[in-house]
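Mind docking chain Y on chain W? Use the hints.
Here is how the chains run, residue by residue.
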Amino acid sequence: MPEGVHEDPYRILFSETRCLVEDDGTKRTRWRQARQVLTVKAEGLGFGAFPFESNAKVKVSKAWHVPPGEKAERGQGPPVDLAISDHFLTDQKARFVGFVDLKRGSLVFFEFEGAEEPYALGWIHDFYEGAPSAISRFELETPAGWSVRSAWIRGQGPEPTESGNVRVWEMRDVASLDREPLGDPPSDRVAGLAINIAPSPGTAIKPAVVHDWPAFSSWFETLARGSDGVTPEIDAAAKKALAPTGGKDFYDKVRAASLFVRDGVRYLDIEIGIGGYQPHAASETLANLYGDCKDKATLLRALLAAEGVASYGVAVHATARDTVASDVPALDSFNHMINAVPIPPDASLPDFASGAVADGGDLGKLLIVDTTHHSVSIGSLPDFLSGKRALVLAGSRGRLVTLPSGDPRLHRIERRIRMDLTPERSLAVSMVSRFFGDPASHVRLHARRSATERRKNVEARVRHVWTDAEVEEYTTDLETADGAAIETVGFKVPAARAVAGHTRVELFPGAGDELPRTSLGKRKTSVVYDVPMTIRYETTLVGVPEAAVTPDAQEVKGDGWGVTTSFTREGGELRAVWELTLSRTRFAPEEFPQLKKLWAAANATSDAAIRLAP
Amino acid sequence: MKHQDCALCVGLTILLACGASFAKSKTDIKIVPGPTSMSEEEKAIQSDQAQGIENAVILVEETVKNDDLGTDSSVAYHLRAKVLSNEGRALANIEIPHNIKVGDLKEWWGRTLLPDGTIIELKEEELKEQSLGKVGRYETRILKGALRGVVPGSVIDYGYLYSGTDWSPDSIRVPLQRPWPVRRFRYRWIPYRGSKAAFRVSRAEGLAVKSQQDDRSVLVVGENFPASAEEPWMPPAKETYGAVSFYYIERSADTGDYWNLEAKRIDRVASYFCSKDGPIRDAIRSMSIPDGADLKTKLRIAYDWLASNVKNTTLRMLEEQESDAGDDRNERNTAKWVLQAKEGTSTQIDFLYMGLARALGALAHIVRVPSRTENYWDQAMMSMTQFAGTLVAVREPGYPIEAATIVDPGSGLPFGEVPWWFTGIKALVASSNGMSVALVPPTLAERNVETTKGRQTFAEDNSSLHVEWSRTYGGQQGYLERRNLRSITPGDRNVRLEQLCGASGRFEVGRAEPIDLETFTAPLQIVCEGELSISGISEKVTNYTFAIDGAWIARLPDFPSKERRTPIVFEFPRTEHHTMEFSAPAGFEPSSGPLILKHPSPFGTYTLSIAPTETGCLVERDLILTPLTVAPDQYETFRMFLSEIKSGDSSRLEFKRSKESS
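Chains W and Y supply the protein sequences, listed in that same order. Mind the numbering: the first sequence is residues 1 to 614 in our numbering, read in order. Mind the numbering: the second sequence is residues 1001 to 1662 in our numbering, read in order.
Extracted from the complex, chain W is given alone in its bound form (with noise of 0.2 Å):
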C-alpha cells in the first residue's frame, strides 16, 4: 500500500473483460476486477456495478474483500439490481455486489459473468474505468472460422496478442483523469477499441451481421421498415404544417416540417429492448406528439415524404467524440439519431444554412436537420455533433459522412451599441444582441427554460460590465426566421469616477471576456472550443467632444484566429467595431504560446476608449 494522500480514492489493480462469443451469437461477458482502496473516506469504493439489459442475463455476480493484514471474505447478502439510466422508461440497469465496510489498503475483488443475446456483433470496448489501472485487459474469443476486426478509436492502443481464436488487447498503467475546463472529458481522451465480429460464410446466428457500415444501414432500415409510411394524418399534418410556405422552396419546405416536429413533439425517451435501436411509427408519433430522437427523426422523414421530398435517418453520437471506426462497425458508435435531406440540384439554400451541410458522396449534398433539440435552430448544428462522423442510414447506399465542423460566420455573437453621452458623462445604452449558431442556441435554451432567470443573468452581465447600470427595458426574439436570437437592453450608466479629471469611456466594454478563457499555467491537456465563431461589437457613441481623440485602429493575427479594430468619426458620432474570428476550436498545449497570443490581442484591441477631458 503506497504512503501518503492519494489524489484517487482507489486504483485499479487488475481489469479483465472477457467476452466469449457463441456458436449462436451469444456473448458471453466476464468481468474481473482488482482494485484498492487508498483512503480512510471508502464509503462506496466497495462495489462492482455490472450493466445489463433485458437482453441480458447476470449468471455470476461476486465480490471479495480482503482488509489490511486479515483474511479474505466473501461477499454477502443478495446483489442488488438498481435501473441506472434517467430515460423515462429503460431497461438498463447494473449489478451491484460489495462491500460497506472497507479500510484504507482494503483489497476487493469482483467478478461478473453475464450472457447476452445482442442485437448486433459490433461493439466498442472502453480501456478507461474511471480511476487508475495497472493493468487493463479485453479478452475475445469466437468460434473457430469467424472473422473480427478491431480498430483503436480516440488514440492507438497495443496490438493484440492470438492464440487460436482467442485475442487479447492489454493496457497497462491507465492514469486517472480530471475533468478540465475548456477541454475534453476524460472519457474522450482514453483510446477505445471498436470490435465487429462476423461468423463463417453460411452460418446463421441471432444477432444481425453488420460486417460493414452499409450493412449496419441496411439492419436498421430493416428495423425501421414501416415506421416512416405515410397515413392520411401524416398527410394531412404535413400539408397543415407546410401551408405558409406555399410548398415551392425546398429549403422552407424542410424548415416548416422539421420545426413542427422539433416543436410540437415533446422528447420522452422509451428505450426498452430492441426499442433503443427501433423507431416508433410516424403516425404513433404524430397522435401522441412525443417520442425520443429517432422517433422524430422517422415521423420528419414521413412529414417530408408527404411533400415528395426524400430524407434519410442519420446516426451519429451526441455526448462523445471519435467514436467510429472507418471500417469497424459498432452499435455503441452511435446514440442519437437526426436526419439527413438531399439537396436538390436546383435548390438554393440560405447562407445561414450552409454549416448545416455534408458531403454525401454519391447521396448528393444533405442537408443535416436536428429536431430533438428544441433551441437549435434548423440550417445550425448544435456543437455537439460539430465535425463528427456520422452514418446516414440509406439501406445498402448508407454511408459515413462528417458533419460540418463549423463556420466562424455561422456562429456568432454581434452586439450594436448605442451609447449617448449625457453632459453629465453619463450613458443611456441600448444593445441589441445578435446571436447566431451555437450561441444562438445556448440563449435559447435558457430563455425557453425560464424567461425570467434568462432577464436575470442578462442584467447581472450589463451590472458587470457597466458598473452600477440600471436596466430599464429588456425584450427578446428568440427566433427569427435565420435561426437567430435577439436581446434588447436599455440602460442607464452613472459617470464614471474621472482620473486626473479625465472621463474614460470604453467602447467595448465586456468584449474582451467574451471568449472564455481558462489558466494554462499548469495545463497538459488541450484547450477545447465548441465551435470556430465570431464576435463583433459595433459600437456607436454619441456626443463625443471634438477635442476627444479617436483611438487607432488595430489589427492582430494568429494561426486560426484574428482580431480587428476599425473606428470611424462624423461630427460628434464615432462608430467603433470590434471583431474576433476564431476559426479553429483546439489548441494543444504546445500550442498554448499562440492561445496566449490570442487573448492578450482580444485585451488590447478591447480596451480602446475615448478620453474625455474636464
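What the hints contain is simulated information worked out from the structure, not anything from laboratory work. Incorrect hints may have been included.
Unchecked claim - Label-pair ranges, simulated between beta-carbon atoms:
1) Y:1561 to W:577: 28 to 36 Å
2) W:573 to Y:1563: 31 to 39 Å
3) Y:1563 to W:465: 19 to 27 Å
4) W:92 to Y:1043: 40 to 48 Å
5) Y:1277 to W:13: 35 to 43 Å
6) Y:1090 to W:516: 23 to 31 Å
Backbone N, C-alpha and C fix where the C-beta goes; we use that ideal spot for every residue, glycine too.
Just chain Y now, with coordinates in the frame of chain W:
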C-alpha cells in the same frame, strides 16, 4: 379564502381517540376527475412573467394519504394543470411513485384537454411498469405514463388511487409553492392511529392557506399560491417558501412536553459522558490555572487547553486522517477515554467542555442548533432533525441564560465565537430541568477581518504585470474555507488555492500557498503571486490608465433587481483592509493626484485612498459591512451603499509618460 392568521399555522398534534367516530369526518374530501372541458377561466390563463407564470399553472393538486388501513396505506392523487409552453409539457410525463409490486392501482384517469375541445384519454392499461431496483425477492416497480397530444394551451388532468403495503416515510414535507403557481391545493392526511402524529404549516405568511382537523385526520387547503422566485442572498428555501409537514412523533414522546423531554434526554447523555469526575479534575489540574482567576478566565483557559490538548477528529487535516491506523475510539464514548486518547469528535469535545466547565463551577449546558443555511428552529415542529450542530452555553451561577457565553470548543475558533452558520438564530439549551431558548449572537464585523497586502509591478518592457499579495483571514473570514482546504487532497487543495488567488485566463498564478494550514487554531493565510495579462503599452501611448480592482479584492454581492421581497442574509458581518502598491509602468509616472473617498452608511463604511508615491501609487481600501441581515425596506439604501463601493472599486490609476522617456 381569507389569509391565514399566523397563529393558526402552528403545529398541532393530532390526538387519536380510541373508537373514533364513524360519522363523516369534517376533513373528508373526495378526489374525483376534473371537468372534461376547459372552463372559461382556464382558457384565459396565459404566460405572464410579471406574475411568475411561465411554463405552467397547477390548477388543482389534491391528495388524500391514508396511513390508517392496518398494514396497508393508500394515496389518492389528482393533478390538473394548464400547460403554457413546450417546457411545461413535461408535466404530462407521469410517474406514480408507489411500488406496484406491493400494491394496486385501484383507480386511474388521465386525459389531455386540447384547446379545441378534443379529449385524449390515457387508459390504465397503457401505463408501463418500470423497475427501479431489486434486492433478492424484493423489487420496487412503479408505473409511468405519458399523456398524449399535449400542446401549449392544453389542460392535463390525471389522478389515481393506490393502495398497498408500500413503505411510508415518517415525515413528509409538501411544498405549497413551486416553480409554477398553484391555484387550488388540498392535502388530507389520515395518520396511523397507533402512532402519535402532528403537522405543521410553515412560512405560509401571506398565503391563503388554512387547516382543519378532527380526531383522525387533518386537511390543509389553500389557493392561489404564487410561484417560488429566488433572490440573491435570500434565506434558505425552507424559511422562504410555504410548506406543510406531516410527521409522526416517537410513540413514547409526550407531545405536550416534547422539547423539555428532549432537553432532559440530551443533558442526561452529556452528563453521563462526564460522570467520572476524576479524569476531569486531573485535566483541570494540568491546565495551570492561576490562583484567584475568575470564572470567565478559568473557562477561557479550559477552552484553550482543549484546543491544544484534545484533537478534534472530525476536523483533522486529510493527511492526519489518512495516516491514522484506525482503532476502536468510537466504542469508548466517555470523557475519561477522550482525555486519555487526547482526541474526540466535535460532539465529544463539546460534552467534555461542558463537564470541565461544570467542574470549574460554571453553569454549563449543551446547546442544539440548526444550520441557518438550511433551516431555523421551529418549536412548533416536534422533530430533532431540525438541528445540525452542538454548542455549549456557559455562565456564572445565578445569571440567566441570556447572560451565557455560547462556545464551540472543537471548532478551532476563539472562545465566544461559533461557526457563522450557527449564529443569529435561536437554539435549544438543554438542562436537567428541561429546555430553554437562547439566541446565538451574530459575530461582529470587527472580529471578522480580512487583511490583504500586496504589490503590483510592471515588467521592464511593460508587457506584463507581476502581482503578489498575502492575505490573512480572521474570525469567520476564511473559517469555512480553511476547514475545506484541510479536508481535501493536496491536488484539489492546489486547485482551490489557485482559485482563491484568482487564477484565470487573464491572471496566471505562479504561487498559491497557505501558511500554517496544519495548525488547527490558526487563521487562514494565503500567499499569492502571478502574472496579469495586460493590454501592453505601445510607444504611442502617452497616458496609461489601470483599474485598481482585481483578484485581490473580493467581488461584492450584486443585486440587479430594484425590488426586494425577502431579507438579505449574509454569512457574517465583515471587515476588509486592503493595501496595494502599484508601480508605474517603465517610463511613466503617476499623473493623477491623491484621492480619498469615504462613504459612511447605516450598513458600515467604505474608504478608498489613492496616493501617488515616488514609484507609483499606494491604494488603501477599507470596507466594514456590519449587517447580518438587511430587511426589504432597507434594500434600496443598502443597494445605494453597494453602488458607492463598486464605483470606488472601479477607480483607475492614471500614469503619463515621464519627461525623461518622452
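Evaluation of the provided hints:
no.: 1; hint: Y:1561 to W:577: 28 to 36 Å; verdict: holds (33 Å)
no.: 2; hint: W:573 to Y:1563: 31 to 39 Å; verdict: holds (36 Å)
no.: 3; hint: Y:1563 to W:465: 19 to 27 Å; verdict: holds (22 Å)
no.: 4; hint: W:92 to Y:1043: 40 to 48 Å; verdict: holds (41 Å)
no.: 5; hint: Y:1277 to W:13: 35 to 43 Å; verdict: violated (52 Å)
no.: 6; hint: Y:1090 to W:516: 23 to 31 Å; verdict: holds (30 Å)
In summary, the structure is inconsistent with hint 5 from the numbered list given earlier, while agreeing with all the others.
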